[in-house]
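Residue strings, one per chain:
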Amino acid sequence: MAEKYVGQRVKRTEDPRLIQGLGHYVDDIKLADMLHVAFLRSMYAHARITSIDTSEALHAPGVVAVYTGQDVSSKIGQVPCGAALPDLKVPDHRVLATDKVYFVGHPIAAVVATDRYAARDAIDLIIVDYEELPAVIDVEGAASNSTVIHEHFGDNIAYKLTAGEGDIEAALASADHVVKQRLVHQRLAPIAMEPRGVLARYLPGEKELTLWSSTQIPHLMRTQVAIMLGIPENKLRVIAPEVGGGFGSKLNVYAEEALLGWIAMQLARPVKWIETRRENIQATIHGRGQVGYIEIGCKNDGTITGLRYNVFADMGAYHQLLTPAIPTLTGLMLSGCYKIPAIQMNTTAVFTNKMATDAYRGAGRPEATHVIERAMDMVAAKLKMDPVEVRRRNFPTPEEFPFKTATGLFYDSGNYVGALDKALEMADYSKLRKDQAAARKDGKIIGVGVSTYVEICAIGPSAATPAGGWESATVRVEPTGKVTVLTGASPHGQGQETSFAQIAADALGVDLNDIAVVHGDTAIVQYGIGTFGSRATAVGGTALVLALEELTKKATRFAAHLLEAEPESLQFEDGKFSTDGKSVSIQEVALAAHLARNIPADMDPGLSATRFFEPKNFTFPFGTHIVVSEIDRDTGDVKLTKYVAVDDCGKVINPMLVEGQIHGGIVQSIGQALYEELVYDDQGQLVTGTLMDYAVPKAAMIPWLELDRTETPSPVNPLGVKGVGEAGTIGATPAIVNSIVDALSPFGITHLDMPLRPELLWKIVNNAG
Amino acid sequence: MKKAISVTVNGVVHHQDVEPRLLLVHLLRDVLNLTGTHIGCETSICGACTVIIDGQAVKSCTILAVQADGASVTTIEGLGTEANLHPVQEGFWEHHGLQCGYCTPGMIMAGAQLLDRISSPTADQIRHGLEGNLCRCTGYQNIVEAIQYAASKAK
Amino acid sequence: MIPAQFDYIAPTTLDEAVALLSQHADDAKVLAGGHSLIPAMKLRLAQPQLLVDIGRIKGLSYIREEGGQIRIGAMTTHYQIESSARLREICPLLPEAAGQIGDVQVRNKGTIGGSLAHSDPAADWPAAALALDAELRAVSSKGERGIKAADFFVDLFTTALEQGEILSEIRIPIPKARTGQAYLKAAQPASGFAVVGVAVSLVRDAAGKCEAAAVGITGVASKAYRAAAVEKALAGASLDEKMIAAAAAHATDGIDANGDLYASAQYRKHLAAVYARRAITAASR
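Residue numbers (our numbering), protein chains in the order written: chain A, 1 to 769; chain B, 1 to 155; chain C, 1 to 285.
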């Protein structure tokens, strides 16, 4: 295929509607006779509900119905958990609380009213009597806490798991040094700028339920909600309209989604619920939430002998779709980009009286990268080696790929030293170190931090996922020659409408503007899996390539028939099939295929192809991030003065989109490293429950990001792409923390837990305890 | 008790009877069907609801519709047209200043206000000028470039 | 996100407004720019029965010089103050403090009167009002009175305004020649409110020594306060690095500091001294 568009900085086709405010997010869709839903949520972390009185609310102006857990728990199935692990405890998870509430924000009752103001007012009229119970908050203490959240389980342990290969005891015993460190990955809130929202409509005659939901996974949601509601899946249509960011928080099936559908069926009127930001912080999934203990063994020359990570993973009160699976991703990626002969991860996953954790951008991999990248720096500090040298010493060479890790993975391709060297050159690393030494003499507190990361993308393969790891695509050339692409990888800001059009335009030799990429509607698009795990291009894009190949084959046969030539003799270039001076355009072929007056007898009319791609392996993007930080001696304020990132996500379809993904990911990492933390107090009250307390980074907090790439194609898919959606969040956090720890190394610091607030740093510098 | 108000939005006068507590953002979105103005928080932090009222960028979630009685409001829908985009809109498109697009209308309105006040802002001035707007996708860098583009374009 | 129901009246004169307030006593709240009140109402932390919107009263938004004072109408927005070239010349502390409040949109709509009357312990204006020795004019159906800034801030969200009184004007003595001023703050990264905010206005004598200094500090305690010990240490002192640091060290003398997730009481006290030092240094340049 001629690459006219692929690889170019093509402006997004999504943008004209979005920059004019003409896109349609869930709350922008209005239906006649629509009602509004508001939720009463628990104000306690752990309590028994002794009574609920909804009578006053029911009689409030505009109120149509009020539902409690008693009304719905026998009618609607469990909120699903898709993760399967040996001996996993899966609590009963009803759409509304019945006898107990398990976290602040736990939904108790739903009010349905004629407008959102009336619905909100009626919430205050519901009277709930609670008998407060002690809350289980501390992650490390949860396993032995005498308060058991789900009493019939007997304890708060959701599962225990040991993973990894190699003789870890021998590996650590053979080391010259074993470095140990406790390390906390604080809870984070994903904070997609559009909160969640659902609009449900039921047509009683057709018996059809339609859900518009701000979701990353319309098809998976359709299957799950159909099961929850006990309705045929082919009578449920899920539409993900414009989705205002997800970061994993909308890779889920939530109680509200099924409940709204059920209410629409009860009332035979459209019902809408739009999450407030407070609800979003309380009751949309959280990310991270691990407390772990690292033991890493090394030889005097810096060679790593083994790594053990014993971790307590905070599940929250319930499992959402993938909650228990997230720590297993941590386990898979603990080897980082290093040759480590023995790795062991021992997970104790616990229930606490908090919202469920689940896949937040990176989903388990940022934790792994943080563990290994902090560990490498601690090894360097122990051996008094440059952190870059320790890393270099343990890299596999490009020739060693596919590279097998002691966590059971085969890394597809990589040139770690290539990305590292490029980043070192961009940052002028040796000069940075000289400058640092000079600045220290002047009393300045300056640090240089490096992280060399590898991550796992393109999720599938199906064997490794709970609900299929493939992706689908359909390509149609319509009678007028316009091209329709249907993808199952429904995006929410990543720009697939553009990047997939680039791929299709090159393959078919048509103008980019003649292509419409359609997604997010289960009634239009063939079954698909969704956009998460940095999979859309590598898996969904590949399905598209396969469909384009098949369509081109068909078109070639139609064209040959029209040109009265052998298919093998045809050239296809710039949208034209030609042979012996005769030619026919793909548009003409499409029309002929639809008119079907002159097509081969053994071919069906029309010009379309649908293909599914099942990846044989994951892909493994990698890169190096380098950060320079300066700490204000008086206040502890941190300034990131330089940020260099070299990322390798394989082949690139649209460099502009790739840079955008990296920028956004890095800034979320800066958030985790310096600002963000969900804090529950001892009673389980959420202390950081609004954006007045939970600090999402603002423009002025962010340094200029200097980006470059290396390009190591993946052998896993024909596009050679790897994925880039999460790289920034995975690679950046440890680079920032390493930089600040490096700055404070003269004060004897070898590790700090995030977020690195000024007070913490000030105390170190001023020894103020 | 409802209050009669008249608000000019994007050049069109609207007479409405509204509850005093109706927020301007709900008047725009739910009553006037101008859904380009978004809601991303309830504590006046995120700026997704930013509109221009009588020449000033304001968070429309933090003003009552009755307070806007007699005022002239510009929303994202009134800023430019596809054929004649405002330079800031154009900059966002040219420089990939948006991903999911949810913060974008508010961000563009804040950017337009910024250029009204400082015609050639530095990157630092742009970043500070956007302190009332959160974006979770872009990391802001391309937004800074988008506004710089608009500044040079507007000259 | 949605306020509870209330009645709403938008009087067009101050007399009408104060009459409404005395009539409705407990149930009424004054709505100025709304940037403190409306967020609280949206979270239903405030549920007034009646809002008296003073935004329609003509002549409450101005910056003028009269009787040796700068007079600022209560409905003057932060942005109007921030962008006043005249204030930058004669009383730079005002625009400097204004420019650090919230964000652009908040400054466009929020008012100095509304902010002062709200008395948020982390707001910026109280520190400036204290350091400028402002007099706050309160109007009620009984007449008008002046309240010194030092007496105005009573406690967390509590001022000396009595029921039925509306803050109408802020009066600030026009700073003398050789006055130096500064406002510096450590902002909480999420809210933008002051973890610590220090406002300084000092007068130097002909020799360059500090003749008198006024230091207002916000964010540290349950209300903004004048740092009397700092002022005392500065009076008559030469404004060198050492003297300034020594004076600033008294920033929280006798003060019970707040602590929260972001900053403990100990750290806040330390920050207050650092920002006092920096603000005095900036003011003495």
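Source of the hints: derived by calculation from the structure; they are not laboratory data. Don't take each hint at face value.
[What the hints assert, rightly or not] Lysine-lysine pairs mimicking DSS-like chemistry, simulated, CA-CA at most 30 Å apart:
1) K2(B) / K232(C)
2) K11(A) / K153(B)
3) K4(A) / K441(A)
4) K242(C) / K444(A)
5) K576(A) / K444(A)
6) K223(C) / K763(A)
7) K482(A) / K384(A)
8) K153(B) / K30(A)
9) K3(B) / K29(C)
10) K153(B) / K4(A)
11) K3(B) / K30(A)
12) K176(C) / K142(C)
13) K384(A) / K763(A)
14) K2(B) / K223(C)
15) K11(A) / K155(B)
16) K148(C) / K176(C)
17) K242(C) / K639(A)
18) K441(A) / K232(C)
19) K148(C) / K763(A)
20) K232(C) / K176(C)
21) K576(A) / K553(A)
22) K384(A) / K441(A)
23) K58(C) / K3(B)
[As the list claims (entries may be wrong)] Derived Cβ-Cβ restraints for the label pairs, each shown as a range:
24) S264(C) / K11(A): 46 to 52 Å
25) K2(B) / T641(A): 53 to 59 Å
26) T641(A) / R64(C): 40 to 46 Å
27) G581(A) / A154(B): 50 to 56 Å
28) S264(C) / K155(B): 46 to 52 Å
29) D17(B) / G230(A): 42 to 48 Å
30) S264(C) / V518(A): 51 to 57 Å
31) E711(A) / K155(B): 34 to 40 Å
32) T484(A) / A85(C): 54 to 60 Å
Backbone N, C-alpha and C define an ideal beta-carbon position, used for all residues, glycine too.
Status of the hints after comparison with the structure:
1. K2(B) / K232(C): violated, 56 Å
2. K11(A) / K153(B): Roughly 18 Å between the alpha carbons, so the hint for K11(A) and K153(B) holds.
3. K4(A) / K441(A): violated, 54 Å
4. K242(C) / K444(A): holds, 20 Å
5. K576(A) / K444(A): violated, 66 Å
6. K223(C) / K763(A): Distance ~26 Å between K223(C) and K763(A) Cα, so the pair holds.
7. K482(A) / K384(A): Answer violated: K482(A) to K384(A) is near 63 Å, above 30 Å.
8. K153(B) / K30(A): violated, 37 Å
9. K3(B) / K29(C): Given that 30 Å is the threshold and the Cα spacing comes to 18 Å, the pair holds.
10. K153(B) / K4(A): Judged against 30 Å, a Cα distance of about 28 Å means the pair holds.
11. K3(B) / K30(A): holds, 25 Å
12. K176(C) / K142(C): violated, 34 Å
13. K384(A) / K763(A): Distance of about 25 Å is within 30 Å: holds.
14. K2(B) / K223(C): Violated, at roughly 38 Å.
15. K11(A) / K155(B): Holds, because 23 Å separates the two Cα atoms, which is no more than 30 Å.
16. K148(C) / K176(C): Roughly 19 Å separates the two Cα atoms, so the pair holds.
17. K242(C) / K639(A): holds, 27 Å
18. K441(A) / K232(C): Not OK: K441(A) and K232(C) at ~37 Å, beyond 30 Å, violated.
19. K148(C) / K763(A): violated, 38 Å
20. K232(C) / K176(C): holds, 19 Å
21. K576(A) / K553(A): holds, 13 Å
22. K384(A) / K441(A): holds, 19 Å
23. K58(C) / K3(B): Roughly 20 Å separates the two Cα atoms, so the pair holds.
24. S264(C) / K11(A): 46 to 52 Å: holds, 49 Å
25. K2(B) / T641(A): 53 to 59 Å: holds, 56 Å
26. T641(A) / R64(C): 40 to 46 Å: Check passed, 45 Å falls within 40 to 46 Å.
27. G581(A) / A154(B): 50 to 56 Å: Roughly 53 Å apart at Cβ, these two residues keep to the hinted range, so it holds.
28. S264(C) / K155(B): 46 to 52 Å: Since S264(C) and K155(B) have Cβ atoms about 50 Å apart, the given range 46 to 52 Å holds.
29. D17(B) / G230(A): 42 to 48 Å: Holds, since D17(B) and G230(A) (Cβ atoms, about 44 Å apart) stay within the stated range.
30. S264(C) / V518(A): 51 to 57 Å: Holds - the Cβ-Cβ distance for S264(C) and V518(A), about 54 Å, lies within 51 to 57 Å.
31. E711(A) / K155(B): 34 to 40 Å: holds, 37 Å
32. T484(A) / A85(C): 54 to 60 Å: holds, 59 Å
The earlier numbered hints that this structure contradicts are 1, 3, 5, 7, 8, 12, 14, 18, 19.
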